[in-house]
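Listed in order, the protein sequences are those of chains A and B. Positions 1 to 94 (our numbering) are the ones given, in order, by the first sequence. Positions 1001 to 1249 (our numbering) are the ones given, in order, by the second sequence.
Bear in mind the hints are in silico, worked out from the structure with no lab data behind them. Possibly wrong hints are sitting among the right ones.
[Said to hold, decoys possible] Here chain B is said to cover these stretches of chain A; the calculated rule only asks that three of the stretch's residues, wherever they fall, bring their Cβ under 8 angstroms from a Cβ of chain B: (1) 39-49; (2) 62-74; (3) 80-87.
[To be verified] The list that follows gives simulated cross-link-like pairs (lysine to any residue, SDA-like), each with its CA atoms no further than 25 angstroms apart: (4) K1138/B <-> A66/A; (5) K1244/B <-> Q49/A; (6) K1244/B <-> A89/A; (7) K1244/B <-> L3/A; (8) K1244/B <-> G19/A; (9) K1244/B <-> A63/A; (10) K1244/B <-> A94/A; (11) K1138/B <-> Q53/A; (12) K1244/B <-> L33/A; (13) K29/A <-> K1119/B; (14) K1119/B <-> G1150/B; (15) K1138/B <-> A63/A; (16) K29/A <-> G1099/B; (17) K1138/B <-> D84/A; (18) K29/A <-> S1248/B; (19) K1138/B <-> T42/A; (20) K61/A <-> V1249/B.
Glycine included, every Cβ here is placed at the ideal spot set by N, Cα and C.
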Amino acid sequence: MELRVIDKTDDELRLEIAGEDHTFMNVLKGVLLELEAVSAATYDVNPEQSGGQTDPVLSIKTAGGADPLDVLADAADRVEGQTDAFRDAFAAAA
Amino acid sequence: MSAEFDVEFIERDDRSARFLVRGLTPAFANGIRRAMIADVPTLSIDTVRFIENSSVMFDEMIALRLGLIPLTTPLADYEIGETVTVALDVEGPATAYSGDLTTSDGLVEPADKNIPIIKLNQGQRLEFEADAVLDRGKEHAKHQGGVSVGYRHLQRVEVIGDRGEFDEEEPHILRGVIETEDGELVATDEFDNDLTNRYPGKEVSVTDVPGAFVFHVETDGSLSVEELVDRAAESIGDRAAELKDAVSV
Chain A
1 MELRVIDKTD DELRLEIAGE DHTFMNVLKG VLLELEAVSA ATYDVNPEQS GGQTDPVLSI
61 KTAGGADPLD VLADAADRVE GQTDAFRDAF AAAA
Chain B
1001 MSAEFDVEFI ERDDRSARFL VRGLTPAFAN GIRRAMIADV PTLSIDTVRF IENSSVMFDE
1061 MIALRLGLIP LTTPLADYEI GETVTVALDV EGPATAYSGD LTTSDGLVEP ADKNIPIIKL
1121 NQGQRLEFEA DAVLDRGKEH AKHQGGVSVG YRHLQRVEVI GDRGEFDEEE PHILRGVIET
1181 EDGELVATDE FDNDLTNRYP GKEVSVTDVP GAFVFHVETD GSLSVEELVD RAAESIGDRA
1241 AELKDAVSV
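Can you build the whole structure from these sequences, using the hints too?
In structure tokens form, the structure reads like this:
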């Protein structure tokens, strides 16, 4: 997973995440949108006029002065927590 | 938001299972489904060195067929890109089956023994050595562990009254799993997918249960259903951990 920051301001972040596809990006986006500090989050795997860019570009806009990078770290942490919880629940049932 | 999941098995077989998960978001359910198909690696024959092929097929055609034979995959022992040597030597008149393959690792063997590779006539012979490589379904469909993976919403069926006396009797077809009013989970094939068989003469309402997904998972035999699901969730978790480390430097 290679990251490349395209744009970064106090409340906005555009980040290219190389080597990922919808599988992970949509999960991440779903979790980001549930966060209080996020006012907008989306990703695009084929931005217009990008000349064939196929690595997803994640865009985050935060509210209330939160740093988008911190928010992203928080979201990634939650995804990890969710997968762990899912694996435990599945192992318990199996 | 705390992640509280509840998993319940409805059907379970050697290679397939149907289970209900509560507390999932649609994004997470789809992530797991996609990861099961494209991200959980399996072993599959990739390079073949022919020693003798006097059969009626070209080397390339046989190599393609070999790639499609599912091999049991001990995921704990292999990393992506690592290989196992596989060999076969059959002389006609006979049919070469997947069960004739021998491997360098006892844990790796054809998941099915009765897949015909090619029929050999008198005097024809097939002998080769091949490398099976561990890779993901994203790379080539022969590496897919899950062959039929999907989910549906759990549907809640409630009786809201009797069917009107002069209403026409129409079938009410439903597929998947329903939850009855007393919380019982019933696969729809138990009543031939027709709700009027289970609730004759009743008017029922059918609603999706939010956050409850019924997964149907079938593997090609290279992995068990349990391992496939667990590895799929693990692969998403690993990527999240990697991202977290990368951004919180």
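Original post:
Is the straight-line distance between the alpha-carbon of K1244/B and that of Q49/A 25 angstroms or less?
Top reply: violated, 30 angstroms
Subject >> K1138/B paired with T42/A [C-alpha distance capped at 25 angstroms] >> reply: Satisfied, since the Cα-Cα distance of roughly 23 angstroms is no more than 25 angstroms.
Original post:
Are the Cα atoms of K1244/B and L33/A separated by 25 angstroms or less?
Top reply: Holds, because 17 angstroms separates the two Cα atoms, which is no more than 25 angstroms.
**OP:** Given the hint that K1138/B pairs with A63/A, test it: the Cα-Cα distance must not exceed 25 angstroms.
**Re:** Not satisfied, since the Cα-Cα distance of roughly 37 angstroms exceeds 25 angstroms.
Original post:
Do the alpha carbons of K29/A and G1099/B lie within 25 angstroms of each other, as the hint requires?
Top reply: Answer violated: K29/A to G1099/B is near 46 angstroms, above 25 angstroms.
Original post:
Taking 25 angstroms as the top limit, are the C-alpha atoms of K29/A and K1119/B close enough?
Top reply: violated, 52 angstroms
Original post:
Is K1244/B within 25 angstroms of A63/A, Cα to Cα?
Top reply: Holds: K1244/B and A63/A sit about 21 angstroms apart, inside 25 angstroms.
Original post:
For the segment 62-74 of chain A, does the count of residues with a C-beta closer than 8 angstroms to a C-beta of chain B reach 3?
Top reply: holds (count 4)
Original post:
Taken at face value, is the distance from the CA of Q53/A to the CA of K1138/B at most 25 angstroms?
Top reply: Status holds; Cα separation ~18 angstroms.
Original post:
Are the Cα atoms of K1244/B and L3/A separated by 25 angstroms or less?
Top reply: holds, 11 angstroms
Original post:
Under the criterion that the straight-line Cα-Cα distance not exceed 25 angstroms, is the pair K61/A, V1249/B satisfied?
Top reply: This hinted pair holds, its Cα atoms lying about 20 angstroms apart.
**OP:** Compare the distance between the alpha carbons of K1119/B and G1150/B with 25 angstroms, and conclude whether the hinted pair is satisfied.
**Re:** Since the Cα atoms of K1119/B and G1150/B sit roughly 36 angstroms apart, the hinted pair is violated (cutoff 25 angstroms).
Checked against the numbered hints above, the structure breaks hints 1, 4, 5, 10, 13, 14, 15 and 16 and satisfies the rest.
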